[in-house]
Amino acid sequence: MSLLTPDPGLLFWMLLCFLIVAFILGKWGWPAIVGMIEERGNYIEESLKKADEANAALANIKAENERLAAEAKNERVAMLKEATRLKEKIIDDAKTQATAEANKIIENAKESIQLEKDNAVKEIRSQVAELSVNIAERIIRGELKTNESQIDMINKLLDEVNIAKS
Amino acid sequence: MSQSINTKKASQAGKIVFGILLVILCFLGVAAFTSHSESEAKEELNIKEMIFGHIGDAYNWHITTIGEKHISIPLPCIVKGQNGWNFFCSSKLGHEGHYVEYNGYTIAEEGDNAGKIIEVATGERPLDISITKNVVSLLISCTLLLIIFLSIAKKYKKNGFCKPTGLQAVLEPLIVSLHDDIIKPSVGKNYKKFTWYLLTVFFFIFINNLLGIIPIFPGGANLTGNIAITFVLAALTFLLTNLFGTKAYFKDIVWPNVPIGLKCPVPIMQFIEFLGIFTKPIALCIRLFANMFAGHVMVLVLVGLIFVFSQLSLVAGMGFSIVSVLLVVFMSLLECLVCFIQAYVFMTLSALFIGMAQVEEEE
Numbered sequence: 510m511s512l513l514t515p516d517p518g519l520l521f522w523m524l525l526c527f528l529i530v531a532f533i534l535g536k537w538g539w540p541a542i543v544g545m546i547e548e549r550g551n552y553i554e555e556s557l558k559k560a561d562e563a564n565a566a567l568a569n570i571k572a573e574n575e576r577l578a579a580e581a582k583n584e585r586v587a588m589l590k591e592a593t594r595l596k597e598k599i600i601d602d603a604k605t606q607a608t609a610e611a612n613k614i615i616e617n618a619k620e621s622i623q624l625e626k627d628n629a630v631k632e633i634r635s636q637v638a639e640l641s642v643n644i645a646e647r648i649i650r651g652e653l654k655t656n657e658s659q660i661d662m663i664n665k666l667l668d669e670v671n672i673a674k675s
Numbered sequence: 100m101s102q103s104i105n106t107k108k109a110s111q112a113g114k115i116v117f118g119i120l121l122v123i124l125c126f127l128g129v130a131a132f133t134s135h136s137e138s139e140a141k142e143e144l145n146i147k148e149m150i151f152g153h154i155g156d157a158y159n160w161h162i163t164t165i166g167e168k169h170i171s172i173p174l175p176c177i178v179k180g181q182n183g184w185n186f187f188c189s190s191k192l193g194h195e196g197h198y199v200e201y202n203g204y205t206i207a208e209e210g211d212n213a214g215k216i217i218e219v220a221t222g223e224r225p226l227d228i229s230i231t232k233n234v235v236s237l238l239i240s241c242t243l244l245l246i247i248f249l250s251i252a253k254k255y256k257k258n259g260f261c262k263p264t265g266l267q268a269v270l271e272p273l274i275v276s277l278h279d280d281i282i283k284p285s286v287g288k289n290y291k292k293f294t295w296y297l298l299t300v301f302f303f304i305f306i307n308n309l310l311g312i313i314p315i316f317p318g319g320a321n322l323t324g325n326i327a328i329t330f331v332l333a334a335l336t337f338l339l340t341n342l343f344g345t346k347a348y349f350k351d352i353v354w355p356n357v358p359i360g361l362k363c364p365v366p367i368m369q370f371i372e373f374l375g376i377f378t379k380p381i382a383l384c385i386r387l388f389a390n391m392f393a394g395h396v397m398v399l400v401l402v403g404l405i406f407v408f409s410q411l412s413l414v415a416g417m418g419f420s421i422v423s424v425l426l427v428v429f430m431s432l433l434e435c436l437v438c439f440i441q442a443y444v445f446m447t448l449s450a451l452f453i454g455m456a457q458v459e460e461e462e
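For the protein sequence lines, the chains are A and B, in the order given. Those letters in the first sequence? Residues 510 to 675, per our numbering, in order. Those letters in the second sequence? Residues 100 to 462, per our numbering, in order.
Same shape as in the complex, but just chain A (with noise of 0.2 Å):
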């Protein structure tokens, strides 16, 4: 029974078919299965490691957008207060320009009321005194119209003057 000895004619065939299959797979199969397997793999981890870069990098742009939302949020709340302290600043200084201003000009016409007012009383007080030795003269004049009237008054003016003296 021939179940345990190789027969040669099958030997010869499996040997030639077998190194024949394996040369051509070991060269056109193989190698490029295998390796285009292995070139995906590569590929994909790749793709998947830039991914995970974009994605960080996403975040670091998100990140960094919000921070620059943020902070123009933040600049412009303080330039609206700033905008806000001016706004007042310059009311209130054009208040107390307006004040000061006022209030000179209102100085301004107080002096020259008060000069004008000065002047008119000078000029009343000339004017009274003209009329007022106006009216002395004519009362003396009255007055002294006889020579003992004129004598008297001088006695009385000499004591009185006298008077004064001691």
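It is possible that some hints are incorrect.
Stated by the list, open to error - Cβ pair distances, simulated, as ranges: (1) Glu547/A <-> Leu451/B: 27 to 35 Å; (2) Glu547/A <-> Lys168/B: 52 to 60 Å; (3) Ala560/A <-> Asn258/B: 19 to 27 Å; (4) Glu562/A <-> Leu374/B: 51 to 59 Å; (5) Lys292/B <-> Ala565/A: 37 to 45 Å; (6) Leu374/B <-> Ala560/A: 53 to 61 Å.
Stated by the list, open to error - Only pairs whose alpha carbons sit at most 20 Å apart, straight line, appear in this in silico SDA-like list of lysine to any residue: (7) Lys379/B <-> Leu342/B; (8) Lys257/B <-> Ile533/A; (9) Lys179/B <-> Ile165/B; (10) Lys253/B <-> Glu547/A; (11) Lys654/A <-> Ala638/A; (12) Lys256/B <-> Lys654/A; (13) Lys283/B <-> Glu547/A; (14) Lys536/A <-> Lys292/B; (15) Lys253/B <-> Val275/B; (16) Lys571/A <-> Asp561/A; (17) Lys262/B <-> Gly550/A.
Read the hints as simulated data drawn from the structure, not as lab findings. Where is the CB? At the ideal position from N, CA and C, for every residue including glycine.
Put chain B on the given structure of chain A with help from the hints.
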């Protein structure tokens, strides 16, 4: 809700199919019984011959025999005897049980060369490289291998970065797991030198094992259960292991790292290590051969049992045909598993043996 109804329907249908199957199986027994009683007068049932006829090699591919008519595919015979090279069709030599002489050759009916071509004049075997049943099966499987893997390779070259489709998608996980999980870690850093052999060996064994389970024409030959095939594969593993072995590997055989008493005056360890070089591939060869051979024999015996029981009585034949077919179905499913396991084991062990010969000198 509708799912439970569906499963109920399915189980009912399954019961009906099962019932029909049982009836058919009973009739198989009847058929076996009647066919046996018809041919009883002519020849006794010979289970052993039937089994070895199926698992052995042949010069033609016998498909079936209807009555007296043998239906088989004749194959070319290529022999070189005393009268030089001869090419002829195997049908010229007659058929089983009725061999005739052609060109000085015939097929031996008995003796050491039973079933083989011999020279009529001397009774010796000529140089015989006929395309036998096993060689045809070998050619078919090799063609299949080439078609499958070259087409896949083409697909990879064309659009390797795309999602694998069809056969490519089926085989890719297998190739990847074999390559990354077995070849790479087992062989070590020089694995690229051996990938071609290991992957080819796996798929060669796997496809031939699977073809072996198919009972009709393109399959059915017991190729991986033939010692010549497993011998060639094991011899190739042996050659690759030892031709590419490192210095450290050979040093370990000639002067192993064991207590001096075990290797100096009497080279016990050297002897064992040297023997190990050969036992490893021989074990590979026998393991694959015996597993596939046994699987085929089991199936054939279970089928043959129908005929044995039919010889006893009609009822026994009917009854046992049911048991037998169920057992054969079970065995065939088991064989599917064995097909994969044996291919896997052969490749894994080959990778391990090659890897063991790739050891580096320890510092």
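To see whether the hints hold, each was checked on the structure:
{"no.": "1", "hint": "Glu547/A <-> Leu451/B: 27 to 35 Å", "in the structure": "23 Å, violated"}
{"no.": "2", "hint": "Glu547/A <-> Lys168/B: 52 to 60 Å", "in the structure": "56 Å, holds"}
{"no.": "3", "hint": "Ala560/A <-> Asn258/B: 19 to 27 Å", "in the structure": "21 Å, holds"}
{"no.": "4", "hint": "Glu562/A <-> Leu374/B: 51 to 59 Å", "in the structure": "58 Å, holds"}
{"no.": "5", "hint": "Lys292/B <-> Ala565/A: 37 to 45 Å", "in the structure": "41 Å, holds"}
{"no.": "6", "hint": "Leu374/B <-> Ala560/A: 53 to 61 Å", "in the structure": "57 Å, holds"}
{"no.": "7", "hint": "Lys379/B <-> Leu342/B", "in the structure": "15 Å, holds"}
{"no.": "8", "hint": "Lys257/B <-> Ile533/A", "in the structure": "19 Å, holds"}
{"no.": "9", "hint": "Lys179/B <-> Ile165/B", "in the structure": "34 Å, violated"}
{"no.": "10", "hint": "Lys253/B <-> Glu547/A", "in the structure": "16 Å, holds"}
{"no.": "11", "hint": "Lys654/A <-> Ala638/A", "in the structure": "24 Å, violated"}
{"no.": "12", "hint": "Lys256/B <-> Lys654/A", "in the structure": "158 Å, violated"}
{"no.": "13", "hint": "Lys283/B <-> Glu547/A", "in the structure": "13 Å, holds"}
{"no.": "14", "hint": "Lys536/A <-> Lys292/B", "in the structure": "12 Å, holds"}
{"no.": "15", "hint": "Lys253/B <-> Val275/B", "in the structure": "17 Å, holds"}
{"no.": "16", "hint": "Lys571/A <-> Asp561/A", "in the structure": "15 Å, holds"}
{"no.": "17", "hint": "Lys262/B <-> Gly550/A", "in the structure": "12 Å, holds"}
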